[in-house]
Amino acid sequence: MSQHTKDSQKEVKVEDLLRLKRAERPDDAFWGEFDKELHQRMLQTLVKKGPLHLQIWRTLSGRLTQSVGVACAAAFLALMVVRPVFIGTTSADLPVAQIDNSALTSTSVVEVAMSDLDVSSIEADHDYSIEGISPNVESSDERFTRDFGMEGFELAMDADYSSDEASMRPSFGSAGVATTLVY
Amino acid sequence: MATSGSVTESIFPAQEAQVSDRDLDWAVVQKVQSGNVGAYDQLVQKYREKIFSVVYNMTSNREDAADLTQETFIKAFQAIARFKGKSSFFTWIYRIAINTTMTFLKKRSRRRFISYENIDEEVSNSEIFERLTAKNQTEKGALVNELQEKLNDALQKLSLKHRTVVILHEIEGLEHAEIAEITKTSVGTVRSRLHYAKQQLQGYLKDYLG
Numbered sequence: 001m002s003q004h005t006k007d008s009q010k011e012v013k014v015e016d017l018l019r020l021k022r023a024e025r026p027d028d029a030f031w032g033e034f035d036k037e038l039h040q041r042m043l044q045t046l047v048k049k050g051p052l053h054l055q056i057w058r059t060l061s062g063r064l065t066q067s068v069g070v071a072c073a074a075a076f077l078a079l080m081v082v083r084p085v086f087i088g089t090t091s092a093d094l095p096v097a098q099i100d101n102s103a104l105t106s107t108s109v110v111e112v113a114m115s116d117l118d119v120s121s122i123e124a125d126h127d128y129s130i131e132g133i134s135p136n137v138e139s140s141d142e143r144f145t146r147d148f149g150m151e152g153f154e155l156a157m158d159a160d161y162s163s164d165e166a167s168m169r170p171s172f173g174s175a176g177v178a179t180t181l182v183y
Numbered sequence: 001m002a003t004s005g006s007v008t009e010s011i012f013p014a015q016e017a018q019v020s021d022r023d024l025d026w027a028v029v030q031k032v033q034s035g036n037v038g039a040y041d042q043l044v045q046k047y048r049e050k051i052f053s054v055v056y057n058m059t060s061n062r063e064d065a066a067d068l069t070q071e072t073f074i075k076a077f078q079a080i081a082r083f084k085g086k087s088s089f090f091t092w093i094y095r096i097a098i099n100t101t102m103t104f105l106k107k108r109s110r111r112r113f114i115s116y117e118n119i120d121e122e123v124s125n126s127e128i129f130e131r132l133t134a135k136n137q138t139e140k141g142a143l144v145n146e147l148q149e150k151l152n153d154a155l156q157k158l159s160l161k162h163r164t165v166v167i168l169h170e171i172e173g174l175e176h177a178e179i180a181e182i183t184k185t186s187v188g189t190v191r192s193r194l195h196y197a198k199q200q201l202q203g204y205l206k207d208y209l210g
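Going line by line, the protein sequences match chains A and B.
For the first sequence, the working numbering begins at 1 and goes up steadily by one.
For the second sequence, the working numbering begins at 1 and goes up steadily by one.
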C-alpha cells in the first residue's frame, strides 16, 4: 500500500481530492442486505449447477418436453380441424355430424352453395353434410359426390362454386377449413 | 513464500503482512476446495468492501456496484476449484471484479446513470475540506455534494483502463506492481496510465486545485 505524506503541503492536489472518495462508503444496513442477497444467489447457483452430463440431460429433456408439447398441440389442432372429414366414413349417427348438419342448413354460405346445386337430382333423404365432408365415400351418384362433396366446401372458403378446378382438388385442408367456417 | 527474521520484518512490514494474508487466504481457499462451502464466507467478509469500493468508483452507481460485487463473488466461487494459488486470492478476485465491471460498462456504454454512495460525515471535518471551504468560500455541506459529483464525473470521463489504474492506486492504495499483476500489464504501463489519468483529472478538477 502506498504511503502518502503530504500533510505539510497546503495546496490541494488531485491525489487529495481522489482520497476523499474513500469516504464514500455504504452503511451497515446495506451490508446486511448485500449478504442476504449474495447467499440467495449463491444458493441458486449451487442448486442450478450439477455435473455436466446432468446439465446436458436437463437441457435436452427440456427441449424434448417442449417439442412433444408442441407436437401434441399440433396433433390436437389437426384432429379438431380434420376430424369432420373422417366422421362421415364411420357413422352418420354421430352427434358431431348432426351438429354439422344443422350448421350447414342454417349458414348463408352453404345456402348459396345449395342454391347452385341441382337439388332435383339428389334424393330427399340424403344427408348432405355428412357426405359432403366425406369425399372418400363411394356413391352411386357420381355427380353428387363430385359436385357437392368437394365443391360445396371449396365454395365456403373461396366463394367460387362454379369453378371446376376447385372441384378437382380433393384437399383435406381445404375441406377441413371450410368445415370449420361453417361451424 | 513466508519470510522470517527480524531484519526482513522491519524492512518490509507491509510485504510480510501481505505474504501472511496470502497464506491465510490460501488456507481458506483450500478448505472451500475440499468441500467446506461455508468457509467461503470468510473470504466474502474480508474482501466485500474493497471489491465494492473498486466497482463503485468505476461505475459511480451503488446498485450496479452491489450487483457486480455479488457477481464477482459468485464467479470466484464457481471457479475456485481451478484456483491453484499461483497468485494471491486478493489479486485473483480483484481481477475478476475488474473484468466483470469492464464487461458490464462496455455493454452499457450509452446508458449513464449515477447513484452516489453516502459520504462519511467525518470527511467533511478533514483538513482538505477546511482548505477547500476557505478557498471557494462556500458552505461545507454544499461543497461536499458538489465535489462528490465533480469527482465522479471526472472519473467517468476517463477511459476504462485509465480509470482502473487511478482508482486502484489513488483510492484503493495499491502498489504499481500489484496493479500490474491484476491488470496483466507491466509496471511501466501502469505508471504511464497513472500519469496520463492524473493529467486528465487535473484538467477536469482545476477549479478545486491549487
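Warning: the hint list may mix true and false statements.
To be verified - A few chain A residues facing chain B, derived, Cβ under 8 angstroms:
{"id": "1", "residue": "E15"}
{"id": "2", "residue": "D16"}
{"id": "3", "residue": "L17"}
{"id": "4", "residue": "L18"}
{"id": "5", "residue": "L20"}
{"id": "6", "residue": "R22"}
{"id": "7", "residue": "R25"}
{"id": "8", "residue": "D27"}
{"id": "9", "residue": "D28"}
{"id": "10", "residue": "K36"}
{"id": "11", "residue": "E37"}
{"id": "12", "residue": "L38"}
{"id": "13", "residue": "C72"}
{"id": "14", "residue": "V81"}
Stated by the list, open to error - No farther apart than 20 angstroms at their CA atoms in a straight line, the calculated lysine to aspartate or glutamate pairs in the EDC-like style are these:
{"id": "15", "chain 1": "B", "residue 1": "K75", "chain 2": "B", "residue 2": "E63"}
{"id": "16", "chain 1": "B", "residue 1": "K157", "chain 2": "B", "residue 2": "E139"}
{"id": "17", "chain 1": "B", "residue 1": "K157", "chain 2": "A", "residue 2": "E15"}
{"id": "18", "chain 1": "B", "residue 1": "K46", "chain 2": "B", "residue 2": "D67"}
{"id": "19", "chain 1": "B", "residue 1": "K46", "chain 2": "A", "residue 2": "E37"}
{"id": "20", "chain 1": "B", "residue 1": "K140", "chain 2": "A", "residue 2": "D35"}
{"id": "21", "chain 1": "B", "residue 1": "K46", "chain 2": "B", "residue 2": "E71"}
{"id": "22", "chain 1": "B", "residue 1": "K75", "chain 2": "A", "residue 2": "D35"}
Because the hints were derived from the structure by calculation, they are not lab data.
From a predicted model like this one, the values you see are computed outputs, not experimental measurements.
Built from N, CA and C at the ideal position, the CB exists for glycine as well.
Results of checking the hints against the structure:
1. Look at A:E15: its Cβ gets to within about 6 angstroms of chain B, closer than 8 angstroms, so that hint holds up.
2. Because the beta carbon of A:D16 sits about 5 angstroms from the nearest beta carbon in chain B, less than 8 angstroms, this interface hint is met.
3. Using the Cβ-Cβ criterion of 8 angstroms, the hint placing A:L17 at the interface with chain B is satisfied: the shortest such distance is roughly 6 angstroms.
4. Contact between A:L18 and chain B, as hinted, is supported at the beta carbon level, the nearest pair being about 4 angstroms apart and thus within 8 angstroms.
5. Checking A:L20 against chain B: minimum C-beta separation of about 6 angstroms stays under 8 angstroms; hint holds.
6. For A:R22, the suggested interface contact is upheld, since its CB lies about 6 angstroms from the closest CB of chain B, less than 8 angstroms.
7. Taking 8 angstroms as the C-beta contact cut-off toward chain B, the hint placing A:R25 at the interface holds, the least distance being around 6 angstroms.
8. Here the hint on A:D27 is kept, as its CB sits about 7 angstroms from the closest CB of chain B, short of 8 angstroms.
9. Residue-level restraint check for A:D28 is violated (minimum Cβ-Cβ distance to chain B is 11 angstroms; threshold 8 angstroms).
10. Hint status for A:K36 relative to chain B: violated, with the closest Cβ pair at about 11 angstroms, above 8 angstroms.
11. A distance limit of 8 angstroms between C-beta atoms decides the matter here; for A:E37 the minimum to chain B is near 6 angstroms, and the interface restraint holds.
12. Proximity of A:L38 to chain B holds as hinted, the smallest CB-CB distance being about 5 angstroms (cut-off 8 angstroms).
13. Using the Cβ-Cβ criterion of 8 angstroms, the hint placing A:C72 at the interface with chain B is not satisfied: the shortest such distance is roughly 37 angstroms.
14. Against a cut-off of 8 angstroms between C-beta atoms, the interface hint on A:V81 is violated, since the closest Cβ of chain B lies about 46 angstroms away.
15. With a CA separation close to 18 angstroms, the supplied pair B:K75 and B:E63 stays within the 20 angstroms bound.
16. Of the supplied pair hints, the one linking B:K157 and B:E139 is violated, its CA atoms being roughly 27 angstroms apart against a limit of 20 angstroms.
17. Straight-line distance between C-alpha atoms of B:K157 and A:E15 comes to about 17 angstroms, which keeps the hinted pair within the 20 angstroms bound.
18. Only pairs whose Cα atoms come within 20 angstroms are accepted, and B:K46 paired with B:D67 is accepted, the gap being roughly 18 angstroms.
19. Simply put, B:K46 and A:E37 have alpha-carbon atoms about 17 angstroms apart, close enough for the 20 angstroms limit, and the pair holds.
20. Only pairs whose Cα atoms come within 20 angstroms are accepted, and B:K140 paired with A:D35 is rejected, the gap being roughly 34 angstroms.
21. With a C-alpha separation of about 16 angstroms, the suggested pair B:K46 and B:E71 falls inside the 20 angstroms cut-off, and the hint holds.
22. With a CA separation close to 16 angstroms, the supplied pair B:K75 and A:D35 stays within the 20 angstroms bound.
Violated hints, in rising order: 9, 10, 13, 14, 16, 20; the structure is consistent with all others.
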